[in-house]
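Make a model of the complete structure from these sequences and hints.
Protein chains in written order, with the working numbering: chain A, 1 to 367; chain B, 368 to 734; chain C, 735 to 1101; chain D, 1102 to 1468.
Wrong hints could be hidden among the right ones.
[To be verified] Computed cross-link-like contacts, DSS-like style, restricted to lysine-lysine with a CA-CA straight-line distance of at most 25 Å:
(1) D:K1194 x A:K66
(2) A:K54 x A:K93
(3) D:K1167 x A:K66
(4) C:K1098 x D:K1411
(5) C:K800 x B:K433
(6) D:K1425 x D:K1411
(7) A:K49 x A:K93
(8) B:K677 x B:K691
(9) D:K1194 x D:K1302
(10) B:K731 x D:K1176
(11) C:K800 x B:K460
(12) B:K442 x C:K827
(13) C:K899 x D:K1266
(14) A:K93 x D:K1176
(15) C:K1098 x A:K75
(16) B:K460 x C:K809
(17) B:K532 x B:K421
(18) A:K364 x C:K809
(19) C:K827 x C:K1058
(20) C:K1058 x C:K935
(21) C:K1044 x C:K827
(22) B:K416 x B:K691
(23) D:K1266 x D:K1155
(24) B:K532 x B:K433
(25) A:K75 x D:K1194
(26) B:K442 x D:K1465
(27) D:K1194 x D:K1155
(28) C:K1044 x C:K935
(29) C:K783 x C:K800
(30) D:K1465 x C:K1044
(31) D:K1167 x A:K93
(32) A:K364 x B:K677
(33) A:K165 x B:K532
(34) B:K731 x A:K310
(35) C:K1044 x B:K433
(36) D:K1299 x D:K1266
(37) A:K310 x A:K201
(38) A:K165 x A:K54
(39) D:K1302 x D:K1266
By construction, these hints were calculated from the structure, which means they are not laboratory data.
Protein chains: 4
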Amino acid sequence: MSINTFGHLFRVTTWGESHGPALGATVDGVPPGVEINEAMLQHWLDQRKPGQNKYTTQRREPDAVKILSGVFEGKTTGTSVQLMIENTDQRSKDYSEIAQKFRPGHADITYFQKYGLRDYRGGGRSSARETAARVAAGGLARAALTQLAPGIEITGYMVQMGPRKADPAKYDLAQIPQNPFWCPDADTAEAWAEDLDKLRKSGDSVGAVIEVVARGVPAGLGAPIYGKLDTDLAAAMMSINAVKGVEIGDGMAAACLTGVENADEIQMGPNGPEYSSNHAGGILGGISTGQEVVVRFAVKPTSSILTTRKTITVDGQNTDIITKGRHDPCVGIRAVPVGEAMMACILLDHLLLHRGQIGDAGGKIGG
Amino acid sequence: MSINTFGHLFRVTTWGESHGPALGATVDGVPPGVEINEAMLQHWLDQRKPGQNKYTTQRREPDAVKILSGVFEGKTTGTSVQLMIENTDQRSKDYSEIAQKFRPGHADITYFQKYGLRDYRGGGRSSARETAARVAAGGLARAALTQLAPGIEITGYMVQMGPRKADPAKYDLAQIPQNPFWCPDADTAEAWAEDLDKLRKSGDSVGAVIEVVARGVPAGLGAPIYGKLDTDLAAAMMSINAVKGVEIGDGMAAACLTGVENADEIQMGPNGPEYSSNHAGGILGGISTGQEVVVRFAVKPTSSILTTRKTITVDGQNTDIITKGRHDPCVGIRAVPVGEAMMACILLDHLLLHRGQIGDAGGKIGG
Amino acid sequence: MSINTFGHLFRVTTWGESHGPALGATVDGVPPGVEINEAMLQHWLDQRKPGQNKYTTQRREPDAVKILSGVFEGKTTGTSVQLMIENTDQRSKDYSEIAQKFRPGHADITYFQKYGLRDYRGGGRSSARETAARVAAGGLARAALTQLAPGIEITGYMVQMGPRKADPAKYDLAQIPQNPFWCPDADTAEAWAEDLDKLRKSGDSVGAVIEVVARGVPAGLGAPIYGKLDTDLAAAMMSINAVKGVEIGDGMAAACLTGVENADEIQMGPNGPEYSSNHAGGILGGISTGQEVVVRFAVKPTSSILTTRKTITVDGQNTDIITKGRHDPCVGIRAVPVGEAMMACILLDHLLLHRGQIGDAGGKIGG
Amino acid sequence: MSINTFGHLFRVTTWGESHGPALGATVDGVPPGVEINEAMLQHWLDQRKPGQNKYTTQRREPDAVKILSGVFEGKTTGTSVQLMIENTDQRSKDYSEIAQKFRPGHADITYFQKYGLRDYRGGGRSSARETAARVAAGGLARAALTQLAPGIEITGYMVQMGPRKADPAKYDLAQIPQNPFWCPDADTAEAWAEDLDKLRKSGDSVGAVIEVVARGVPAGLGAPIYGKLDTDLAAAMMSINAVKGVEIGDGMAAACLTGVENADEIQMGPNGPEYSSNHAGGILGGISTGQEVVVRFAVKPTSSILTTRKTITVDGQNTDIITKGRHDPCVGIRAVPVGEAMMACILLDHLLLHRGQIGDAGGKIGG
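Given below as structure tokens:
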């Protein structure tokens, strides 16, 4: 029964608001002996950090992560790890307007309706700043995976912004860090840059689709029926701010296929089963097949826009609002490292869960 | 969610295989005093039951549910409820082929790789028969909702089969039980019938998209950050057999929108806030807005098809397979009552969770 | 531990009332490949079964356990196991008296106050019949332990009945199954027989203390801080009906010791560390030392007695009551196999949990 | 309870080591609108703080607690609360001896065996410093109880030190804060002072028994079967460092009673049921009766003593050790506020859990 926690064995609990003194992640069930330090975590946080380029919020946060517990002489001890990120750019600001008005598309109204009060400074707990804690925890998960399952590689990238999609035929993973959109297709990245410039000038924002792929995941991870690998990935991605849809493999498009088209045929290869295709996204019956695990999620356009929208006040009066301030015109961009972090946490959790229940008793085909 | 259990306070644990003696659901955290009996549950099970029409498997199962605990003199006692469904149509059959070969698209291969052995009779635990237990639990959840939140109505229907989509302009909810596809658009239902007849004759199958809508959900349900209403719905739907994508509100299409288009503007109505639109699918920041909660999910085509596919044996030999037997050509059809059941369980769980943490302390706008 | 479930990875959810159609245990997280059948479970249930001798209730229940799921061809499949025991001796009886009156010492009054209604037939869910489900689950846990950690032996016995204690100097484990009290000291068993005959004739009952010892538990099991091995054992034993105290090692008597007396000194032996004594009961910091794990718990006297006691009715009227019927004069006797079962479940759970988080990374002294 | 977390709805996760930069508690499921500030929490932490008198360790820690999240304008927001306590007195010290040797009675050896490495500075995670985080969380729980169930009062005190017990006939709750032992019997407190002076001079330590009583607990709290109020209290108390036994009501002594003696007879009083006695400790069938909830736990003598004991090194060599340093001769003294804190957390958790599942549907006797 848990609200601010996810995971079965590797359990991440996050805390903190956008304008409080700090935020962080309490991480439980960490395997002992994992080599980790703050610089290793910072590497991932820097990817998500605001103010990286003109397409992300100009809030200036170093997002420096501190390890407060669970690590001794450069290794995890197996006890709970506390990762803290202090908020430094809490610029003094007049919050009186958003304290009284609910911003459309934001959780202002529902937090008030649920809790009877809310921290109205910059979204409080519902702010996407919370995802910094996930990226920190994900960094720890990656370090553990590096030791326990060194073959796993996790890569996230943006595949769609507004109606414009990247072209899989042009994908070059080396391009991903070369453009501000984490886009594997350089041409599309250029087009997006133009699209976004226009949108920003018009005081508007836009949605996006992110894809996260994990290679080298061993077959057998996932715990049916309600702890399926895809179930946990769906929950993990849907829990990210502004996400409205999650797909595994062919996703919603699977509806259009026939069974003949959809069948990923199997043949024996030198290192085990090989599949003719990967419509399934690397998961059958909630358990990994050994193929690439492929997840996509859609991020809605940033709700904070410089266009007037109708809304109401806490007192129930009709009014309107423009959300000024430092906002990403495409919040999806910064969701890329977050999606990668969630993938890392879920994979590590299932690796531990599998080891716990099954040990070495899994089946070897042809063995 | 933990392996065979889902839910925070209202917790459902399912058990049973397709060809074992029985299957069922152990339901914990049930509110006491809920009027319930086997006939009330059977109503929902009959909707999912196989053999209803020519588009669903001809396996003949009465799917008669028995209440073995937690109910006394027609009311829930607040203790754990056991709902059991005996398997009666376990026709003696030669399983030697599927015992040795892995059916593409099925969990045969991953269950073997995970567990080192598997119940190969008809899918065992990975069979969609497991969803009967969910429907039974969902019936109990609905009965509780009727008493605790009588305004809630849950309606599921099919909106797409293969590439053909139902037309929202023609939706008439009264049509849903009038056709074998739970389709609110009678014309599309007719077209689907023709489509499916053709597919069946060609030994093929097809995917589908299901939409489940909950009306009358009070504002304030959902528990950020990792127990968001949409997070739990995404997990719930993704856990259903063959589901490959889940959407809330505009879902994946949210990526195509601008912030101006996507904003659900708010105005004060006689009974509280009213929204100009519902791109959000009734959920902001993981918490219900009071609008319709809208979830969609894609079901891949049935993997059991009468067309030969390449596969391998347990021994690692290449071979091929035709999956004979009694199979739904569009397994999505029978996912409709399952999706409704999951929605009911998740809503009840969040209703109890909200009552536990918040009680009456929620905020009243204009109050 | 959550309501009707206990365990972290090996999770047991029980269901059922004393006078409903059946009761049972839904067991999740079972390692695959464990050899098990109904006869193996029945062996343990027969030890707890009522009507074994004149000191236990004369209710005649075969307590025949059925495996409904999760086992295929004599082995666990790794999916959820359902263990069901049908109630057969639900003799038609006039419950009108206990329906209206609350029996002192029983949960009648608190169940009514909590739930607003209750199954008043023989205690309903609060009946000690629920422990049959634990014994069944414990049998499955033992079978798994036999395969995963073959050196573990679990032995329970009664060490005190009323004020009379067994004499550790006379303990002979071979005596345990030779007397109706599971007493390792034959002389005390004889004295208890006389004591209990007198009590029964006077319409009275008496309490007891049970000790459960696990030998061969590897060092390193237990998950600090809130999943300590002793924490989980304390919860497990306290959850048994009528238990009022739990001790690990020296237990409450540890308060009387000085630090010098209490220190279990350590020396290196041929197979690892050896301890000069075991005041700690085999657990330090919540983690097993490799010594015997020693737990004791006190069971209060049976509350159903043939002596009139003052009570009240549901309507709030003063009255009195004699609890007639078939009752154990010392309910502690039948708690012995229950305590063993709980020990088995907790040890298996921690074995899996340790394997999941730590794998082979534990420390070897002198290695 | 799962590893570093306890609680069902009100969930406390602690983190931190004795000699790391900080420790704390991440608290989830907090009801919104609870008035709280750091001074209110500090009040309780000051009670547990070391260096209060000559009977507690002379380590000088201000134990100043900071609220880092979940509180806005003096009220809880319903989101996760982070309570952090920085370690300030980490005096530079030579740990080379205890890095290589295992201190008998401490968790040094088991942590090493479990995790393969350990933070050897002052016990690391197994240090009783972790209980500061519990006291902070308990302070928050008390504030919530004050608003939700204002009649509840929680009082802890020491009832036994070594073999000398306080005399219930002389109990005066006003005496508790008047002596360094939290003893309600002033005469015994004086005798203990003499006892402890002698023990300290001889380089020895001693055990203790603590009793915690909660008055004003409404009838109906507790969630059978595995979330019983007494089950959760047993786990909560057993999880405190050095605790070896837990008792509810008469506890282990219940074994000596007959059923006639043990029966708490019931009569109707002006405000509901009244009981002739409280052998049950205010809990029947795991659910509160409305009487005082009475828990006792035994704390073993401090293992760090100035007397040489035999032990081994990490390399498996026999050696001996004296544990110098600043240690409480009776660690039980400082367990009093910890026991109170755990009681507060468990009661609040069950209050929320009851409200969630049952709401107002509980039974009224005579109503």
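Status of each hint after checking the structure:
1. D:K1194 x A:K66: holds (24 Å)
2. A:K54 x A:K93: Since the Cα atoms of K54 (chain A) and K93 (chain A) sit roughly 22 Å apart, the hinted pair holds (cutoff 25 Å).
3. D:K1167 x A:K66: holds (16 Å)
4. C:K1098 x D:K1411: OK: K1098 (chain C) and K1411 (chain D) at ~19 Å, within 25 Å.
5. C:K800 x B:K433: Roughly 16 Å separates the two Cα atoms, so the pair holds.
6. D:K1425 x D:K1411: holds (15 Å)
7. A:K49 x A:K93: holds (21 Å)
8. B:K677 x B:K691: The given pair, whose Cα atoms are some 15 Å apart, holds under the 25 Å limit.
9. D:K1194 x D:K1302: holds (24 Å)
10. B:K731 x D:K1176: Within the cut-off at roughly 18 Å; holds.
11. C:K800 x B:K460: Judged against 25 Å, a Cα distance of about 24 Å means the pair holds.
12. B:K442 x C:K827: holds (21 Å)
13. C:K899 x D:K1266: holds (23 Å)
14. A:K93 x D:K1176: Distance ~21 Å between K93 (chain A) and K1176 (chain D) Cα, so the pair holds.
15. C:K1098 x A:K75: holds (18 Å)
16. B:K460 x C:K809: holds (21 Å)
17. B:K532 x B:K421: holds (21 Å)
18. A:K364 x C:K809: OK: K364 (chain A) and K809 (chain C) at ~18 Å, within 25 Å.
19. C:K827 x C:K1058: holds (12 Å)
20. C:K1058 x C:K935: The hint holds at about 13 Å.
21. C:K1044 x C:K827: holds (23 Å)
22. B:K416 x B:K691: holds (20 Å)
23. D:K1266 x D:K1155: At roughly 21 Å apart (the allowed maximum being 25 Å), K1155 (chain D) and K1266 (chain D) satisfy the hint.
24. B:K532 x B:K433: Answer violated: K532 (chain B) to K433 (chain B) is near 38 Å, above 25 Å.
25. A:K75 x D:K1194: Status holds; Cα separation ~21 Å.
26. B:K442 x D:K1465: holds (18 Å)
27. D:K1194 x D:K1155: holds (22 Å)
28. C:K1044 x C:K935: Judged against 25 Å, a Cα distance of about 21 Å means the pair holds.
29. C:K783 x C:K800: Status holds; Cα separation ~15 Å.
30. D:K1465 x C:K1044: holds (19 Å)
31. D:K1167 x A:K93: Holds, at about 24 Å.
32. A:K364 x B:K677: Holds, at about 19 Å.
33. A:K165 x B:K532: holds (23 Å)
34. B:K731 x A:K310: holds (19 Å)
35. C:K1044 x B:K433: violated (40 Å)
36. D:K1299 x D:K1266: holds (17 Å)
37. A:K310 x A:K201: holds (21 Å)
38. A:K165 x A:K54: Holds, because 21 Å separates the two Cα atoms, which is no more than 25 Å.
39. D:K1302 x D:K1266: Answer holds: K1302 (chain D) to K1266 (chain D) is near 22 Å, not above 25 Å.
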